[in-house]
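Asks: Residue strings, one per chain:
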Amino acid sequence: MTLRAFALAALSSLALSAAAHAEPWTYTDGSGQTVTLDAAPQRIIASQDAAAGLIPLGIRPVGIYADGPVADAKALQGLDLTGIEIIGQAWGEVDIEKAAALNPDLVLAEWWDRNATWSGGEDVVTLLTQLAPITGVSAGDSILGMIEDYETLAASLGADLAQPSIAAEKTAFENALADFKSAIAAKSGLKVLAVYAGDDALYVADPAGAAELLDMQSWGLDLVEPEGVDAAGNNYFETVSWENADKYPADLILVDNRSPATMKTALAQPTWTLNPGAKAGQVAEWPAFWLRNYTHYAAALTELTTAINAANADLTP
Amino acid sequence: MPVEQANRKAGRAATLGLGLALLGAALFAIVLLSMATGARPIPIDMVWSALVSYDPNSTEHRIIWDLRLPRTVVGVLVGAALGLAGAVLQGATRNPLADPSILGINSGAALFVVLGVSVFGITQLTAYVWLAFIGAGAAMLVVYAVASLGREGSTPIKLALAGAAMTAVMQAIINAILLTSPRTLDEVRFWQVGSLAGRSMEIALQVSPFILAGTVLALATARLLDGLSMGDDVARSLGQRIGLSRGLAGLASVVLAGSAVAAAGPIAFVGLTVPHVARAITGPGYRWILPYSMLMAPILLLGADVIGRIIAPPGEVQVGIVTAFIGAPFFIALVRRRKLAAL
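Residue numbers (the working numbering), protein chains in the order written: chain A, 786 to 1102; chain B, -3 to 339.
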């Protein structure tokens, strides 16, 4: 850890001196494009997820565009947003006049490879790139990897990663992870399903499309993999009729918690309890697609650990 | 030859009665089809055994009872209500284009649902029912009040104009809310196209007393509608109280259309098209037009719903979209074949 802290400190001081000398700033983003600016950017507009990755590291954007009402945005929970202008509160929407008034020199978003789009969607990107170039990390195959990508990005932007608070957050996460792993080890045969529940259908998540699910798989969680994702509608889920809610039986069911309404919708379906895990009430929240820092990750893992410890793993063969 | 005339009349009544029985059988068949159609293949004999001897441990039986039966019951109720409401409205206003949407009923219901979602954060379908119902009633009252201004009272023309104006105003407010509140748009967009999906038995139970009362009232107005269809002056000279007749018919159609839009969202074309088809079969005479409309509309609605369930797997097409697709060309064909204005 000391070595790592040292390396990061060295990196960040490098970046600081680079900024001081106003040397060109370069970043190669998730889509493979390289952005070069005359100097490290100071006035950043960030997507809500990029903000969630950067604010804990000490990089404060001047503006944030969110996928929904900021008060409901899981990714921004607990973060200090004072002084940051909110320029969008719906997917695909951004207040371009507010954005222009911020006079940004960079837009930071995330690259979603399966949909080949930046956070916020085409419309937002088209508007914001008139003001400043867009770049950012790739919404990749591991949240841990993304957090490291954010550390690299933050360091290049001048963040001081050697602060003790950052190290403490990481230690807390590592403790939560150790508990999570031992909970999984103690429940052999526990089958887990991650879903989004709509009034029209049940959407079964493909773990390969969600970084946190891939992480959990790599830590030993037995996640159900659906037969095929629905390429017509979305690339991340298989759409299953509520009549077939038991298509993928599981001991523990994780419900997308980006909106609190999703869990309510799931529980209100008469066929929800066709699935043995749902029938036994073994249902927990899936921190879907929004974890971007150690603090959020640790909290989510702790909740899942509790659910796993309490679960009966013998509901499905 | 009065005897021959009476015989011919009796023969016609027998034919039309037989037609009603056939429609009843067709409705029964489409109800069974609706119960047998879905994402999970369930053979028809299993559907039957689920209905007559329910086994709570059978997954198939639970799907029939929890998903398909409520949806089918709501479909029958909503269809019957829409068909009757359309026929009564067309008769009462002597307007061949009258349907629940032209008198502001659908927009009133939609406005209240949208307000409920955006202001009070309501998200449950069962709560939408009351909002829509109150909205439909309020809109109809305002339309009626506006149309009643002036010396000659609420004439059919003034009702249609007031309804169109109110619809435009309410639609503007709805659009203003939806454009500024994406969350509300997200909540109501599936309700707004009209759908039977996800409707529980609770919703059927909520609206069924109103639909029952509205049906009785609507069927009872048949003779009054026959009078009105001859024109206000003739009806008046026959001793009919025009205002009262029109008020009763209006009340019946608001209760019916309000219940329908509450349960399934605004569904277009069923209330407009079906009465014309019924009239084409039965000829003038609301004693037959009303029951024919009441049986034909749920056949159309459930048929459209079954089609919507199977044409786009694994998803569904909302019934409101299917009825519009089926209804529009059908209506055009009807317009070309008959003189619609002959009301």
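No wet-lab data here; the hints were simulated from the structure.
Do not rely on the hints blindly, as some may be mistaken.
[Said to hold, decoys possible] Here are some of the chain B residues that sit facing chain A, going by a computed Cβ distance under 10 angstroms:
| id | residue |
| --- | --- |
| 1 | 34 |
| 2 | 36 |
| 3 | 39 |
| 4 | 64 |
| 5 | 183 |
| 6 | 186 |
| 7 | 226 |
| 8 | 309 |
Note that CB positions come from ideal geometry on N, CA and C, so glycine has one too.
Asks: Evaluate each hint against the coordinates.
Replies: Hints versus structure:
1. 34: holds (5 angstroms)
2. 36: Holds, because the Cβ-Cβ distance from residue 36 of chain B to chain A comes to roughly 4 angstroms (cut-off 10 angstroms).
3. 39: violated (14 angstroms)
4. 64: holds (8 angstroms)
5. 183: holds (8 angstroms)
6. 186: holds (7 angstroms)
7. 226: With Cβ-Cβ at 48 angstroms, over 10 angstroms, it is violated.
8. 309: holds (8 angstroms)
The structure does not agree with the numbered hints 3, 7 stated previously, though it agrees with the rest.
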